[in-house]
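Numbered per our numbering, the sequence shown spans residues 628 to 1114.
Be a bit skeptical, because a hint or two may be false.
[To be verified] Simulated crosslink set (EDC-like; lysine to aspartate or glutamate; CA at most 20 Å straight-line):
#1 Lys1042 to Glu784
#2 Lys755 to Asp1041
#3 Lys766 to Glu956
#4 Lys690 to Glu996
#5 Lys1010 to Glu988
#6 Lys891 to Asp770
#7 Lys856 to Asp905
#8 Lys766 to Glu784
#9 Lys856 to Asp815
#10 Lys1053 to Glu996
#11 Lys916 to Asp905
#12 Lys856 to Glu923
#13 Lys755 to Asp770
#14 Lys921 to Asp815
#15 Lys856 to Glu784
#16 Lys915 to Glu988
#17 Lys1019 to Asp770
#18 Lys915 to Glu926
#19 Lys1019 to Glu1045
#20 Lys985 to Glu996
#21 Lys1053 to Asp1041
#22 Lys723 to Asp770
#23 Lys921 to Glu958
#24 Lys1053 to Glu691
#25 Lys755 to Glu996
Rather than coming from a laboratory, the hints here were simulated on the basis of the structure.
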Amino acid sequence: MNSMGALGGARLRWALLGTRVPFPVLGSQGARAKAAIPTALPAAQTAEAPGTGPGDRRLRSLKELSGPGRLRLLFQLLAQGYVLHLHQLQVLNKAKYGPMWINYIGPQIHVNVASAPLLEQVMRQEGKYPVRNDMDLWKEHRDLQGLTYGPFTTEGESWYRLRQALNQRMLKPADAALYTNALNEVVDDFMVRLNQLRAESTLGDHVPDIAHQFYFFALEAICYILFEKRIGCLERSIPQDTKAFVRSVGFMFQNSLYATFLPKWTRPLLPYWRRYLDGWNTIFSFGKKLIDQKLEEIEAQLQAGGPEEPRISGYLHFLLTSGQLSPREAEGSLPELLMAGVDTTSNTLTWALYHLSKNPEIQAALHEEVVGMVPAGRVPQYKDLAHMPLLKAVLKETLRLYPVVPVNSRVITDKEIEVGGFLFPKNVSGAGEPGFPAAPPPRRPTALTLMCCPFFLCRHSLSCAIMWCPGTPASSLSLTASSPSAG
């Protein structure tokens, strides 16, 4: 498409945001909606239907797509504080520009898509090797430290080969079932820890900062699966290196936002880039220590020549002993998997319990379903979860309404694509929101009241996507294993 020349040949990015629900933000949505400029994409035209086909209307060009200018976007991010509230800014932009708009960040052009049907159009036009385009900042750290790329930073055929290795004993639900006993062990310790916190509270019935406790539970569970090690997150006194890892994850993510939007020349002058690198260094140091411990255990077993000891999950042991990954490749991949699984589990559990507390009738129905399958005194097994459709619906609906990340990009590298009546050239990147299968209910407080029937029939608009998180089954099992006990 010739319009790319006028844009300086900059690489395009898709930001597939999904359909977001409105909620109080930093300014009035109505005023922004009324200020929509004439070239904005009409919401009614594309939000619910992909369009009528290229033969029925002229395909529009990139130049005709509206969005805030560079200075306006920087003002919103840095002066108005939206850099830490990107989800709120997306709601405002959708109200003003419709379900598709354009952003300019440095030399890159971002095409934002905030509609499930449009998101599905992009995903269906992906090639065999989906390409992310929002990981440049992660790659810079890997390159500076001489680390290999993991599943979120590698691309093309290399990504495909790496995923084939990581998928084994992880991607299939039947494989994830191997970890049920390990997760039940963590769940038991988590229940003990919650009871301790309740007993120590002023009234004896309060758990302070439950979201933080869910984070510790998720980190303990995912580490136990990936590294086959308990790291002490549920102990009264958490080990210092575990505390440092937890702090570094939040440290890295928060500073990465500033490092993304600020020009590179500010890096020596402002502290954000250094903090971002320090956070990653702590994360990878933590993972390397656990991998080194596993290598020492394997070496000791080989030298002893005796029968193998029982393994917790066998995931890391399998990857290393089968030759699927070298130790160096494991050091680059497993920390990325760990971070993906932890936030998915803790964020979803927090919002699920919040909404269940606001909807006692669904909470009662869920309790009845759980105790009907798992009577008191019996430990839930993986096969029991298949007979708990309401439990799975609650978790899926929560993920739909509260996706873990605000943006997840793609690049379409091999062909032009048509989305919502617009024609985009090659190298358009797409970032998708994996938790939005359909338009959500109009308001958050009543969202879960619709789950008992409609969500069982709801088809996920990203079911056609090729690039899935390999940690999804493990984090899903963590969610479902912990929910009956939490109930």
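The hints, checked one at a time:
{"no.": "1", "hint": "Lys1042 to Glu784", "in the structure": "17 Å, holds"}
{"no.": "2", "hint": "Lys755 to Asp1041", "in the structure": "10 Å, holds"}
{"no.": "3", "hint": "Lys766 to Glu956", "in the structure": "15 Å, holds"}
{"no.": "4", "hint": "Lys690 to Glu996", "in the structure": "54 Å, violated"}
{"no.": "5", "hint": "Lys1010 to Glu988", "in the structure": "26 Å, violated"}
{"no.": "6", "hint": "Lys891 to Asp770", "in the structure": "16 Å, holds"}
{"no.": "7", "hint": "Lys856 to Asp905", "in the structure": "24 Å, violated"}
{"no.": "8", "hint": "Lys766 to Glu784", "in the structure": "17 Å, holds"}
{"no.": "9", "hint": "Lys856 to Asp815", "in the structure": "16 Å, holds"}
{"no.": "10", "hint": "Lys1053 to Glu996", "in the structure": "49 Å, violated"}
{"no.": "11", "hint": "Lys916 to Asp905", "in the structure": "17 Å, holds"}
{"no.": "12", "hint": "Lys856 to Glu923", "in the structure": "13 Å, holds"}
{"no.": "13", "hint": "Lys755 to Asp770", "in the structure": "26 Å, violated"}
{"no.": "14", "hint": "Lys921 to Asp815", "in the structure": "25 Å, violated"}
{"no.": "15", "hint": "Lys856 to Glu784", "in the structure": "31 Å, violated"}
{"no.": "16", "hint": "Lys915 to Glu988", "in the structure": "47 Å, violated"}
{"no.": "17", "hint": "Lys1019 to Asp770", "in the structure": "40 Å, violated"}
{"no.": "18", "hint": "Lys915 to Glu926", "in the structure": "16 Å, holds"}
{"no.": "19", "hint": "Lys1019 to Glu1045", "in the structure": "34 Å, violated"}
{"no.": "20", "hint": "Lys985 to Glu996", "in the structure": "19 Å, holds"}
{"no.": "21", "hint": "Lys1053 to Asp1041", "in the structure": "6 Å, holds"}
{"no.": "22", "hint": "Lys723 to Asp770", "in the structure": "39 Å, violated"}
{"no.": "23", "hint": "Lys921 to Glu958", "in the structure": "12 Å, holds"}
{"no.": "24", "hint": "Lys1053 to Glu691", "in the structure": "17 Å, holds"}
{"no.": "25", "hint": "Lys755 to Glu996", "in the structure": "41 Å, violated"}
Of the numbered hints listed earlier, those contradicted by the structure are 4, 5, 7, 10, 13, 14, 15, 16, 17, 19, 22, 25.
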